[in-house]
Every structure is written in structure tokens, then in C-alpha cells.
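Each chain is listed here by its residues.
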Amino acid sequence: MDDLLVIEDLVVAYSGPAGEVRAVDGVSLRLPRGASLGLVGESGCGKTTLALALVRLLPSCASILSGRILLEGEDLVQMPETAMEGVRWRRVALIPQAAMNSLNPVYTVGWQIREAIATHERVASREADRRAAAALELVGLDPARRFAYPHELSVGMRQRVVIAMAFACRPPLIVADEPGSGLDAISRAQVLGLMQRLRHRLGTSFVMISHDLEEATALGDLVAVMYAGKVVEVCPAGRFPGQARHPYSRALAAAHPPLRGPRQQLTGIPGEVPRPGSPPPGCRFHPRCPEAAAACRQVGPELSKVAPGHHVACHLWGGEGL
Amino acid sequence: MRRFLAGRLVQYAVVLWLALTLNFLLPRLMPGGPAQFLLGDEAGRLSPELKAAIMSELGLDRSLGHQYLAFLGRLARGDLGYSLARGEPIRKVVADRLPWTVLLTGSALVVATWAGVALGTVAAWRRGSRVDVGLVMGAMLLASMPVFWLGMVLVATFGLHLGWFPLFGLRTAGATQTGWRAALDVARHLALPVLTLAVHNLFGTLLLMRHSMVSVLGEDFVLLARAKGVPARRVMYRHAMRNALLPVATHFALGLGFVVGGATVTETIFSLPGIGRLMYEAVLARDYPVLQAAFLLVTVTVIAGNLLADLVYPLLDPRVRREARA
Amino acid sequence: MLKRRRARSPALGLVGAGILLALGLVALLAPWLSPYDPHHRASRPFLPPSAGHPLGTNDIGQDIASELIHGTRVSLLIGVLAAAVALSLGTLVGLVAGYYGGPVDVLLMRLVDVVLVVPFLPLVILLAAYLGPGMWNTVLVIGGLAWARPARVIRSQVMSLRSRCYVVASQAMGGRPAHVLSGHVLPGIMPLALAQFVLAASHGILVEASLSFLGLGDPVRKSWGSMLHYAQLRGAFLTGAWRWWVLPAGLMITLTTLGFTLVGYWLEERFDPRLRGGR
Amino acid sequence: MTQARVEAIELSRIYRGSRRRAVLAVDRLNLAIGGGEVFGLVGESGSGKSTTARLLMGLERPTSGRVLYRGWDPAKRPREFRRQAQLIFQDPYAALNPALRVLRTVTEPLAIHGVGTGAERRRLACRWLERVGLTPPRDYLDRFPHELSGGQRQRVAIARALILEPAFVAADEPTSMLDLSVQAGILNLLVTLQQEMGLGCLFITHDLAVARHVSHRIGVMFAGRLVEQGPAEAVVGTAAHPYTRQLLAAAAVGVLTEEVSFTAPSPDGCRFGPRCPRAGAVCREQEPFLTAIGDGHLVACHFPG
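Chains as they are written, first to last, in our numbering: chain A, 1 to 322; chain B, 323 to 648; chain C, 649 to 927; chain D, 928 to 1232.
Take the hints with a grain of salt, since some may be wrong.
Among the chain C residues that face chain B by a calculated CB cut under 7 Å, a handful are [claimed, not checked]:
#, residue
1, V765
2, V766
3, F768
4, L769
5, P770
6, Y778
7, G782
8, M783
9, F861
10, G898
11, I901
12, T902
13, T905
14, T909
Residues from chain D that keep clear of chain C, each with C-beta distances beyond 10 Å, as calculated [as the list claims (entries may be wrong)]:
#, residue
15, T990
16, A1012
17, A1022
18, A1026
19, R1028
20, H1040
21, A1046
22, R1050
23, R1058
24, D1069
25, S1103
26, A1208
Output of the computed footprint for chain D on chain A, the stretches with three or more beta carbons under 8 Å from beta carbons of chain D [claimed, not checked]:
#, region
27, 29-36
28, 181-189
Hints are computed from structural coordinates only; laboratory data are not their basis. Yeah, the Cβ is synthetic: ideal placement off N, Cα and C, and Gly gets one too.
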């Protein structure tokens, strides 16, 4: 099987005054070439840490404790930093959180796209400029905008610039962390539409990270749900959220009021998201789970298969092992 | 850009006007009246008639408004008054000295800014490490020393004991070299004063650069640049430092004022014939007109330096530069 | 996400506080600590250090060690008083500008800009020369010119507090300005004002030293700066005497300033939200 | 609906923007909110919905037009108005003073209006903490905000807003900064309390589904103008303004394939014109005004439907 990205038992921890805090605690995921994965989770579940770990740009107080990240069969965890610089953007590009604010204010947009290209390819400056213009055209912006400084563009345009930049070196994988947050509903939907079109045209794989179910499923062939540092469910996008099995996934889908149909009392999820660093014992969701049994309080469930391509970490759904 | 500069020009005009008016009012507000201050210790010894004659000669018997206009008029013609203590026109006294002060403060400022930016960058890059703590603490210690005392200690050590540098003055006594040899001689004499002043003023720039750099390193664009695969060193210089310099440039104004202030006492220690030394001599001789003229000139120098910085700033920050065009 | 580690530990702030405490004690106990009355001739002038005079005598035969101990009082007092004047003015201006905003704010901040551009020490020298030497004149001149920086810092803090939701909420609930100011705004600026006070004191001590060094200090009270003034007049730093006449006084000034600066930056880093690490 | 609790009449607010351009944050807005009614105000960031809340709460002065509370001018009787109208904020982290314990935060309105003795205030605070679901209240009274989660803070803020038993509440995106799993609980709480107390409520949100869930009527704002207004089901079910329709499409599908244009609207025409698929010549020349198309359903469009 041709896997583009394989994450095996990844553990990422922050060291703080209170000791070690495991933000990502034993995550395993598999992404076939050309497929996309939507990663859903609430704040503090470790999804942004996972995104940064994928390109090895964790803040200095965080580190990968164990596990492997195989990109096209090569382990990024063991890779020396200089080699990693060659991997970034060329083989895996990161659209960071609040990307529209991540352009350098003192350089033109074109300069910044050219820099991305020139870092990885030996191209003449005129050729780099031509490609920067083409990249902007790709995302529906006037190529003349490459002479503009970031502060001269609107929020939505800046978001498009970063997307253009991400495609500039045609990487096989793009990791997008909340690409729609900070945008209005309509421009968010348009940006998602743009990413969908580009992905189909260029065959790029995405890891789409979001707290928003729609955003995470917008490009997804696969959907993974994270809770308190662990992946609790992985399934084909078509089965989500309709056939989701994990009580958390189902509660999440029911937490938002529907746009159509009869109005009904929202169920919500009682309690609060556990603070990173002090997860409850056993299944991390059990204090908030309406169906929790005695076993849930003691033993943490492993991911197990409930249908083809559908794995759930829940004692209620104890299927075959992974 | 144009509006930014216009605003600054108005501000400097106000500063200048306030300095002028202060100069005009100070002697007139003092008990004993202006004669006391213009004539210094001589005032007591003069007969009332002679005093009145001098007052009338100087126009001090006319209305304040009249005097103010006359005062501005004289300044506009470049007439700074007459120093009785020295027996020569003040313009001549200060004209000889201003260049040396500008040379001293200018060199010290360049050295302090350059070193502060470089060391602040290093401290921010290795923040939390021993290098960081050592640099910040060292600069803080140097800034805590009174600048004149620092000068004394440096002279005693490098001049007196080690004999590496001359003790004071601008030229070797009896020196007759010309051209670049003369320049070299002056440079050797200026080395210690410039060092004193620069080292004392290092802290502000270093700390500002460090803070600025630390906050810039936390910015999203640094993460994006790293994610693009740009090597760490290039991210540091082309992305982080370029942005971190902006607040340093805007604070240039404050630095200049402080360095000029430090120059006042530094020149005293090293017996350099600059405006600062002139102020010291004027204080000792109670030569108030010279003191005023010196203050005025220092203010003008600071304003000129600030204006220069304002003209350079838009080159660093496109957000200011483009405002006029949009 | 996770909070970044604070840049510096409180250890250095404690060192600074320790220095200040020790100096405060010396100032309080000066008459009992010093071997001689610093205003009286104790021996022959220009004596090198000996058992009787640990730091020798000055140009008119006064005991330098006693001068040094008594100087602590004057230097600390002037620094603290000048800082108090500067901070009172600065807090007032900062509060008014920040809380009322609009044209009042614009006007006051332009004034702050103007004061910040004027070369500080030369203006202090000019004013001190006209007002004549004297402790209170020194305090007023330094304090009257050093308020601009605290005013600016406090104003920006007030501005940021004023836009916080809980302050708006308090206003929306019907809280009168007095309630909002005393309940939410003042407590919010107190730590920062304290930091600014301490930094102003360190600055004030340095400026006082410079003034006294130039001969503009109080002739009756001996400060470290005026000791150095006489040392300089007698050319002490070009003779061997610089080690006991020049060095100790400067070290005391340095130590005091350092103590205030350490405490000030520690407080500022602890309480100024803009300087906290990360975002 | 007899007399409106809060009414806005031709309300406008103009800001001086950068480069001396006037920005019409709120433009000739009319609305009325009755007792026991929730009015959902929907729009993008920058559409003027938060400014509307601040104008209605008297925290900002309108450039023109006026606000009426139960038929009288709130500026004339500010103390009484402040007692009866309260505000709930978007960011639960900023809404509470970090230096004050929960007890002081919740009783601040009582202190401001001089209600009750210390013991009575404490009792009232306990009752309200219980009502907003922070039980047992004794566990929360002495806590500082940083010891509470986002949802708990928002509950404290709600208790503070309601402890004076106001008649009108403006809630500015009260759930948008909370985790999805916590949002539902806060929405349920607000709806329950609103019904129990018969509150008039302005509920601001960018989310049409949330607006439909909590509101009786919905108004849609675009660039300072109310472009559509009507009963919640009508606005969501039979939206007539093209902007509302785009919002609905974005909310329903999550992905839009149409392209955006980045041109500025003409000064005299419809502000939505440049982004509108239906725009005709008249849209560039004439600004449409709200006109009725159904029972209480108004739309400002030359080509509604």
C-alpha cells in the first residue's frame, strides 16, 4: 500500500513548571497518497501540536518523546535539522493557524512567494517571479498583487496568498491548521471551495485540522477525531457524523443546532474539556460520557475496527484489533 | 509619509519654540532680575547708574513683548549674545565647539546602537541562557555607573596605568601633524570618551532590541518562514531582525537625547573642547548667557538628529512609506 | 496554547531588593556607622588609607569613609523624592490622558513627546544653574522633567484596561467613574506604577550624581556626586588617590542604581502585560 | 407585542476612519425588541452588529437617530436604565476582572446600585450561581477567574448580568469563543433564563443556525445596514436577500464554489452590489430600502426572491 504519511504512536510533550504535559499522547494515523484527512478536535486536544510536530517546528519547550512520522517512508523524527529544512514546503507545507497574519509586514507578497521557491529550487529570479505571479493567479488573485505589501490586502486575500504560497513548490502534502478561522462565513466557505478545487486539480493530499466539523470534512476522505491528546475515532468522511460510533463524536455532532428541521433542546456535553496534563484515568472521555461503564474508569480503550476503514477507541464498540 | 513627517516637524518646532522661550524667560523670572544673570558676579560691583545704562543698552527696560521680539530677532541673525566672562561673542565660542560634540556623540551613538542591536539579537536568540543573562546584566551594570565616573575609571586604567590612550584633550600637546595623521591623533584621543559614552548607553538599545526580537520571534511570520524551509540563520536576519529593528529606530530619538546628556559630563572628564565642557565651565563661572546658548545648540542638534532618523525610518517600514501613495 | 516560560527568575529582583534594603539601613544608621562627622576636619588632607581612616582623607582633611556613609542618605533621599514627584505627575497625566482620551489625550501625549525630545541633562543643568544649588531644587528639577516616561507607560496601560470587557461591563452596569477607576483601573496600574517609580528613582540618583559632580548639588549636604566633584577638581583620578577617593563613591552610586534597576525591571517584567513572553 | 422594550429609530454611527474616510458602522437602523422576545442579529465581523449593541446599551453615542427604552430616553434616566439593561460579552476571559474573586464579580452590580447588605448580596450571589449551573455555589464564590474554565466563566458573567433582574439583555456572541461541546450548555442556559424571566434580548451571532435556534425574529446586517428582517423561520426558510442566501449556503454546505470579487461598491447603489449574482443596473444607482414581502418579513433588495 502506498502510504504518503504514516504516524506511529507519536508522543509530544511540553515541559513546564508542573512537569511534563503530554499534548499528543500516542497518536497513530495513516494517510494514503492523494487522500486527505480531516482532524477534528476542540481547543487543547493536541491538534495544533500535532500539526507543528509534522513539520518539526514545535516551540522550544516541546519535544517529540517517541514515535515515528514517516513521510514517503522516511522518518522525519530522526532527520537532522538541515535535511528537515529541505523537506519543509517542498514535501510538506504548513498553512499555520491565523495564516492571514503570518505574512512578513516588511516584504511584498511576491517577495515572500519567491523566497519559498528560491529556497528549494535553483531558479532565475525572473522565473521565480513568473511562478509567483502564476501562484497568485491559481488562487484567483490578480498577479499584479505580488507587488503589494500584506497590509494593503484584505484578510481574505492574505489567506489566499498563503494558500498560493503553499502550492508554489507543489508539495505532495499540505497541513492546514484551521484555514477558515478568522474569516467570515462566506469567505471561509469560498476559501474551502478554492482548496477543494486545487486539491482535485493538482492531486495534493491535505491534513485539514479544525474544531469545525464542516471544515474538517470539507476535503476529507478520512476523518479523525481527537480528544485530550488521543485519537478516539477514525472513519471515512462519508460515515461522519451520521455513522460515527464514539459517544464524543456523536455528541459533538449534536452540539450544534441544525439549520433546518424542528427546533429541539440541544443535548450538549456536560462538564468541561480536561486540562492538558491531567487527563482522567481510563478512557479520557468517561467523566463526560453518558454511557460510561465501570471499565471506562479504569482502562483506556484502544482503537479497534468496527467497519472497513472505521476504527473507534471505546469499550462499547470492542471490535477486532487494528 | 508626508503626514507623518509634517507631524514630526510641528513637534520639533514646538520643542524649539519652548526651548527658546525658556531661554528668554529664565533670566527674567529669577529674583534679582536679568542683570544679575547677564552680568554675573560683576553686577554687585556696578553703580546703579551704570547698571541702568547697561539695562537700557540691552533693551531690558522695555516691555516684555518688545524684549521677546528683539530676542527672537537677534537669534534669527545668529546673534547669541556676549559672554562677559570670556570677553567674546558667544557665537564664536560655541561655533568652535559644536563640531567636536557632534563628532563625539555621533560616534558614540553609532557604536552603542550597533553593539546594542548585535548583542540584543544574540541575547534574544539564546534567551534564558547564560549568554543572555550575562549580556543583559553586564549592560545593566554599565548603565548603572555614573558616566563621568566610568570615564574616570577608564582613564585611570587605560590611560594612567596601561598608557594605551592619552589622558585628555583632543590633540597631543605641541602636535603639528596635518591630514590623516592629525585625524589619527584625534581618533586616539577620542577613543576613550567614545567608548565611555557608548558603553554607558548600550543598555537601552540592547534591552529594547532583545524585547523586540523576542516578541518578533514569537510572531506568526517567523513560523511561516521556518515552515517554508528557510534556514534558521536567514530567518533570523532577513525576517526577525528586519522587523525587530523598527521599534529600535523609533526610539532613536530618546537615545540621542541621553547620549548628548552624557556627553556633557564625559567632555568634562576628558577635557574635550565641546559644548558639554563649555557648559561645565559656564556653570563654574556662573556665565549664564553661555549656558543658555549651549543648551539651545544641544537642543537644535538633537532635533536635527531626530529629523534625520525620521527621514530614514520610512525606508525600513513600508507601512509608513506607502501611506502617501494609497 | 501553553504559556511560555518567564524570561527571568525573581532571583535577580531579590538581589536588587537586598541591595536596597542594605543601603536603606546604612542611610538610617549613618550617624552611628560613620567613624567621624563628615563635615569636620578629622586629620591632615590627602591622607592615604590607614587604620584610623579606612579610605583616607579628602582635600580638606575630612574622613572619606564617613562622607561615603552619610552620602547614602542624601543620594537615596533625592533619588526617591525626585521619583515621587515624577511619578505623581506621570500618573496624573497618564490617568487623565488614558481615561478621558480624545483631544485631552492628544494634547497631553504631544506634550510628553516634546519633553522626551528635549535633551534631559542639559536642561536639568540649565534649570539647576538658574535655581541655584539646594536639595529641593534638585528634586523639583529632576522630578519635574522625568515624568514623561512614566506618563506614557501608565497611559497605555490605562488605555488597555479601559477597553477590557470587565471595565466596559462595570460602566454598563452603571458604575460611576469613581467606582470604575478605584475598582478596576487603579488596581490595574498600581504594580506598573511601582515599577516605574523604582526605575525613576534609579534614574534620579544618576542625574543627581551628575549634577553634584558638575558642582550644582546642595553644598551643605554631601552626596556621592559632590564627593566626586571635589575629587575631580583636585585631579584625584590622575593620581593614586583615585582608588580610595574616586572608586568607592562611584561604586556606591552604581550599586544603588543597580539595586533600583534590578527591582524595577523585575517588577515591570512581572506586571507589564506587553513584556510577558509569547503572545 | 404591546410596547417595545428597546427601540432603535433611524440609528446611525459614523466613525472617522484612516485617511479621513468616514466609515458608516451603523446606517439608519430601525428595530424594536419586545418583552420576552429574542431578536437575533446576524452578520459578518465589521457589519456593525457589535456597534449596534453598544449603541442600544448607551455605551456609545449615536451620530444620529435615537434609542428608546420602554418609550423613554435612556440618557435621561441613566441609573434606572443601567439597572434594567445588561450586557453579556463574547470573550469570557476578558469579561471578568482577573484580580477579583467570583463573589465580588457577581455582586458588583448590587454594589454599584447599593442593593442589600453584605450578607444579602452573598445569599443572592449563591442563588444565582446555582441558577447558572455552578453548584454547589460555595465551591465557586472564592475562586479567581483563572481557576475557572471558559464555560464556567461565561456562566459567572451571565449570573452577574442577571443578578439585578434586568428587563433587557444584549448578548454579543456569547458562545463563539467557547468549545463546541460547551456551547450547547450555555445556549440552553440562556434560553431557559430568558423564558423564565421574560427578558427582552438582543442576541448577536455570526451563525445563522444558532440565531434560528434561540431567536423569535432575525435581522441580517451587511455593511451597517439591516438587509433582511423577519420571523426566524421565515428568514432561514424563505430567505429573500441574496446575501442571506449566501450565508445560508455557506452554513449548510460549508463550501462555496463561486468566486469573490474585490471591487468597492458604488456610493449611491446597493452595498452588496459588487458581490451580488443578481445585481442589475438599478442596483448601482439606487440603494434599496426595507420593504415587506410577507408577514413581518422585510427585505432591502431590488430583486428579492
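Restraint outcome when C/T905 is required to lie within 7 Å of chain B by C-beta distance: holds, 4 Å
message: Would the hint on C/F768 be counted as holding, given a Cβ-Cβ threshold of 7 Å to chain B?
response: Check passed: Cβ of C/F768 comes within 5 Å of chain B, closer than 7 Å.
message: A closest beta-carbon separation below 7 Å is what the hint needs, so does C/G898 meet it against chain B?
response: holds, 3 Å
message: Holds or violated: the hint that C/P770 contacts chain B, with Cβ atoms closer than 7 Å.
response: holds, 5 Å
message: Interface hint check: C/I901, Cβ to nearest Cβ on chain B, cutoff 7 Å. Holds or violated?
response: holds, 5 Å
- prompt: With d taken as the least Cβ-Cβ distance between D/A1022 and chain C, does d exceed 10 Å?
  reply: violated, 4 Å
- prompt: Taking the least C-beta to C-beta distance, is C/M783 closer than 7 Å to chain B?
  reply: The hint is violated - C/M783 has no Cβ within 7 Å of chain B, the shortest such distance being about 18 Å.
field: Least C-beta distance between D/S1103 and chain C, which was stated to exceed 10 Å
entry: holds, 14 Å
task: With a cut-off of 7 Å on the beta carbons, see whether C/G782 makes it to chain B.
output: violated, 14 Å
task: Could you check that no beta carbon of chain C comes within 10 Å of the beta carbon of D/R1028?
output: holds, 13 Å
query: Beyond 10 Å from every Cβ of chain C: is that where the Cβ of D/A1012 lies?
result: The claim breaks: D/A1012 does not keep its Cβ more than 10 Å from every Cβ of chain C (closest is about 8 Å).
- request: Run the C-beta distances from D/R1050 to all of chain C and say if the shortest one exceeds 10 Å.
  value: Correct as stated: the minimum Cβ-Cβ distance to chain C is 20 Å, above 10 Å.
Of the numbered hints listed earlier, those contradicted by the structure are 7, 8, 16, 17, 18, 20 and 27.
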